[in-house]
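Chains W and G, in that order, give the protein sequences.
The numbers in the working numbering rise by one with no breaks, and the one at position 13 of the first sequence is 13.
The numbers in the working numbering rise by one with no breaks, and the one at position 39 of the second sequence is 39.
Keep in mind the hints are simulated off the structure, nothing from the lab.
It should be emphasised that the depicted structure is a prediction, and the values quoted were computed from it without experimental measurement.
One should not assume that every hint holds.
Some chain W residues well away from chain G (every beta-carbon gap over 10 Å; in silico) [as the list claims (entries may be wrong)]: (1) G35; (2) S60; (3) A83.
Listed next, with one range per pair, are the computed distances between beta-carbon atoms [stated by the list, open to error]: (4) V45(W) - A216(G): 50 to 58 Å; (5) D18(W) - G122(G): 48 to 56 Å; (6) A124(W) - P8(G): 22 to 30 Å; (7) D168(G) - L122(W): 52 to 60 Å.
The C-beta atom is built at its ideal place from N, Cα and C for all residues, glycine as well.
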Amino acid sequence: MAPSDLRYTKDHEWVRLDGDVATVGLTAYAADQLGDVVFVELPEVGRMLTQHATFGVVESVKAVSDVFAPVAGEVMGANGNLAGSPEVVNSDPYGAGWLIRVRISDPAAIDELLDAAAYERLIAEG
Amino acid sequence: MTEQAAVPLRETALVDEHRALGAKLIEFGGWLMPVQYGGILEEHRAVRERAGMFDLSHMGELFVDGPAAGDALAAAVVSDPRTLVIGRAQYSMICAEDGGVIDDLIIYRLAEDRFLVVANAGNAGVVSDALADRLAGWEAVLDDRSMATSLVAIQGPASVRVLQPLTDVDLGALRYYAIAEGRVAGIPALVARSGYTGEDGFEIFVDWGLGADVWAALVRAGHDADVIPCGLGARDTLRLEAGMPLYGNELDRGTNPFEAGFGRVVKLDKPGDFVGGSALARVAERGIAKRLVGLVITGRGIARHGYPVQRDGRATGLVTSGTHSPTIGRPIAMAYVHPDDGEPGTILAVEVRDQAVAAEVVSLPFYRRPR
Numbered sequence: 001m002a003p004s005d006l007r008y009t010k011d012h013e014w015v016r017l018d019g020d021v022a023t024v025g026l027t028a029y030a031a032d033q034l035g036d037v038v039f040v041e042l043p044e045v046g047r048m049l050t051q052h053a054t055f056g057v058v059e060s061v062k063a064v065s066d067v068f069a070p071v072a073g074e075v076m077g078a079n080g081n082l083a084g085s086p087e088v089v090n091s092d093p094y095g096a097g098w099l100i101r102v103r104i105s106d107p108a109a110i111d112e113l114l115d116a117a118a119y120e121r122l123i124a125e126g
Numbered sequence: 001m002t003e004q005a006a007v008p009l010r011e012t013a014l015v016d017e018h019r020a021l022g023a024k025l026i027e028f029g030g031w032l033m034p035v036q037y038g039g040i041l042e043e044h045r046a047v048r049e050r051a052g053m054f055d056l057s058h059m060g061e062l063f064v065d066g067p068a069a070g071d072a073l074a075a076a077v078v079s080d081p082r083t084l085v086i087g088r089a090q091y092s093m094i095c096a097e098d099g100g101v102i103d104d105l106i107i108y109r110l111a112e113d114r115f116l117v118v119a120n121a122g123n124a125g126v127v128s129d130a131l132a133d134r135l136a137g138w139e140a141v142l143d144d145r146s147m148a149t150s151l152v153a154i155q156g157p158a159s160v161r162v163l164q165p166l167t168d169v170d171l172g173a174l175r176y177y178a179i180a181e182g183r184v185a186g187i188p189a190l191v192a193r194s195g196y197t198g199e200d201g202f203e204i205f206v207d208w209g210l211g212a213d214v215w216a217a218l219v220r221a222g223h224d225a226d227v228i229p230c231g232l233g234a235r236d237t238l239r240l241e242a243g244m245p246l247y248g249n250e251l252d253r254g255t256n257p258f259e260a261g262f263g264r265v266v267k268l269d270k271p272g273d274f275v276g277g278s279a280l281a282r283v284a285e286r287g288i289a290k291r292l293v294g295l296v297i298t299g300r301g302i303a304r305h306g307y308p309v310q311r312d313g314r315a316t317g318l319v320t321s322g323t324h325s326p327t328i329g330r331p332i333a334m335a336y337v338h339p340d341d342g343e344p345g346t347i348l349a350v351e352v353r354d355q356a357v358a359a360e361v362v363s364l365p366f367y368r369r370p371r
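Chain W extracted, bound-state conformation (with noise of 0.2 Å):
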């Protein structure tokens, strides 16, 4: 289940707010979709992030995935330990899983984000 505090995208990432800082991450649909983990690319800190635009990569022994920034916004900081255990997003995709942290630049962008009541129903579509 998705959690219901956090917000979604169509693309699969989660956005959890605290303020004006939204923490990014890939949900666990989309990271059993994508298979065992094994490389995440993300941007530095500092980049500004275009809403919708790929500001990373996800790679599963089998494929490669971009990963959408669901607002726009500064980056302030990546999951380092992504580096060394990227089996993290399938494990704790919620959690230690989590990509980067954005400081928002238009709050009004997080009203086109889904709650997990959509959310559920865009997978359970399919």
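Given chain W, put chain G in place with the hints provided.
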């Protein structure tokens, strides 16, 4: 839906077993096949450390019979199957007139005048047609039993221990690249000691409808040894570590056996002509245009099929297969590069999303099993 998906996929006799085991099924070579059951890494490790089971019923099984079967095959493929002792196998390729690879094959000699040719799933039809064509005029008959044969493999160090109690074939006496007739779980079978994983293992050919029974018997026999079913995902990472080519990646019509590093398979001096022989003789004389190499990625990034390879900023080739190697713990790849850039120890770079990522040429295979 794409147009390709409109063609119904073939299903093996084991598809219900795969579904019951929770497999993720994908299209491969025109077949609906399990890509993974649990996870690729888990399945990969099972084969390296214990054993794993594979449904390979999508492969093509082509029997060639007749007094001239050996001569006819020798004229059709690059190797010389006539040199095989009964019960042994050889790796081979079937080429076009221009020397391009139509498919890579394993040829088993079952009797003086009876051979089994195993072709890749996606090429089975093409190989069957080419063989039928090339056998015309010889006292040899082709019997394409691809849709009448189930093929189940067990691969890994525990294979003998798990399989021996199920079969009357003396596995200890069966050498690598050998085949014997016997029974597995009471079912008439051909048992070959061969595989595509770099481990010891067996491939078991049975009648199509009995594939599920052999599979079930192996599941039961392997339970205590923690043998698990493995999909095409693990098969791909296992064969890549073992430096084995995959048709469509390392091999295709635009590649000849010498470029792929299999010049030793081509018997230019065998008695009689063979299809592609004169073109391949010219290659042997003049040299190759590209060379297949192994790469260990030393920078950060995973090389994938189609990524460009450079040396000192100059283009030298393309990656054919690449993944994160579960056994080595680093990204590995195979690539075609300019022959001058293929010596082990050469430092190249793979272009990964516009970044040049350092890679070192290494000799294949990446992984060799402990003996």
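Now for the hints, and whether the structure bears them out:
{"no.": "1", "hint": "G35", "result": "6 Å, violated"}
{"no.": "2", "hint": "S60", "result": "8 Å, violated"}
{"no.": "3", "hint": "A83", "result": "8 Å, violated"}
{"no.": "4", "hint": "V45(W) - A216(G): 50 to 58 Å", "result": "55 Å, holds"}
{"no.": "5", "hint": "D18(W) - G122(G): 48 to 56 Å", "result": "51 Å, holds"}
{"no.": "6", "hint": "A124(W) - P8(G): 22 to 30 Å", "result": "27 Å, holds"}
{"no.": "7", "hint": "D168(G) - L122(W): 52 to 60 Å", "result": "55 Å, holds"}
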